[in-house]
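Build the full structure now, drawing on both the sequences and the hints.
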Amino acid sequence: MMQAGALAEAAGAPEHLVAAALLHDVGHFHGSVTGQELMAGKDNRHSDTGAAWLAQWFPAEVTEPIRLHVAAKRYLCAVEPAYVAALSEASVYTLSVQGGPMTPDQASAFAALPHARAAVAVRRWDDAAKDPDAPTPGFDHFRPLLARLLRS
Numbered sequence: 001m002m003q004a005g006a007l008a009e010a011a012g013a014p015e016h017l018v019a020a021a022l023l024h025d026v027g028h029f030h031g032s033v034t035g036q037e038l039m040a041g042k043d044n045r046h047s048d049t050g051a052a053w054l055a056q057w058f059p060a061e062v063t064e065p066i067r068l069h070v071a072a073k074r075y076l077c078a079v080e081p082a083y084v085a086a087l088s089e090a091s092v093y094t095l096s097v098q099g100g101p102m103t104p105d106q107a108s109a110f111a112a113l114p115h116a117r118a119a120v121a122v123r124r125w126d127d128a129a130k131d132p133d134a135p136t137p138g139f140d141h142f143r144p145l146l147a148r149l150l151r152s
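Under the working numbering, the sequence shown has 86 at position 86, and the numbering climbs by one with no breaks.
FYI, nobody ran anything at the bench for these hints, they're computed from the structure. These figures come from a predicted structure and were not determined experimentally. All C-beta atoms, glycine included, are put in the ideal place defined by N, C-alpha and C. Some hints here could point you the wrong way.
[Unchecked claim] Distance windows between CB atoms, simulated:
id, residue 1, residue 2, range
1, VAL79, PRO144, 34 to 44 angstroms
2, GLY12, PRO59, 19 to 29 angstroms
3, GLY100, PRO135, 33 to 43 angstroms
4, SER88, ALA11, 13 to 23 angstroms
5, ALA85, ARG117, 37 to 47 angstroms
The structure is reproduced here in structure tokens:
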């Protein structure tokens, strides 16, 4: 998650997208179903769980890309044939658990959503954030950014 946030920041993304990239998988840690269960074949709906929990503190411009980042993977698999080939083995497996590639109608509906482009950006940073040796700042680096985005 921190690597995805760092990649978004390095890309010059707006603060709300850096926050979304940083927090996109928090639903794996909050809720009754874990990421381990996802890998065991049970969809934990972590994007929905995480976005709903974060909505207590953050606006939709942060939480909606989080809520849609799994759908963005399904979308990209439907509209970019080369995308599937670039996914990690774990992502290919979770794609099947999460519903597989979208149908053309689903892809059109997704693309029309207000936060679809932001979700696709978060998804791409998530996909790129797989290097265990990449220099990544700690969470404290992102605290000021998150504090600026908190709803009052």
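Results for each hint:
The beta-carbon spacing between VAL79 and PRO144, approximately 36 angstroms, falls within the hinted interval of 34 to 44 angstroms. Restraint check, GLY12 to PRO59: a C-beta distance of roughly 20 angstroms satisfies the suggested window 19 to 29 angstroms. Between GLY100 and PRO135, the C-beta spacing of about 35 angstroms keeps the proposed range 33 to 43 angstroms intact. Here the CB-CB span from SER88 to ALA11 is close to 20 angstroms, well matched to the stated 13 to 23 angstroms.
Under the hint 37 to 47 angstroms, the C-beta atoms of ALA85 and ARG117, about 23 angstroms apart, miss the expected range.
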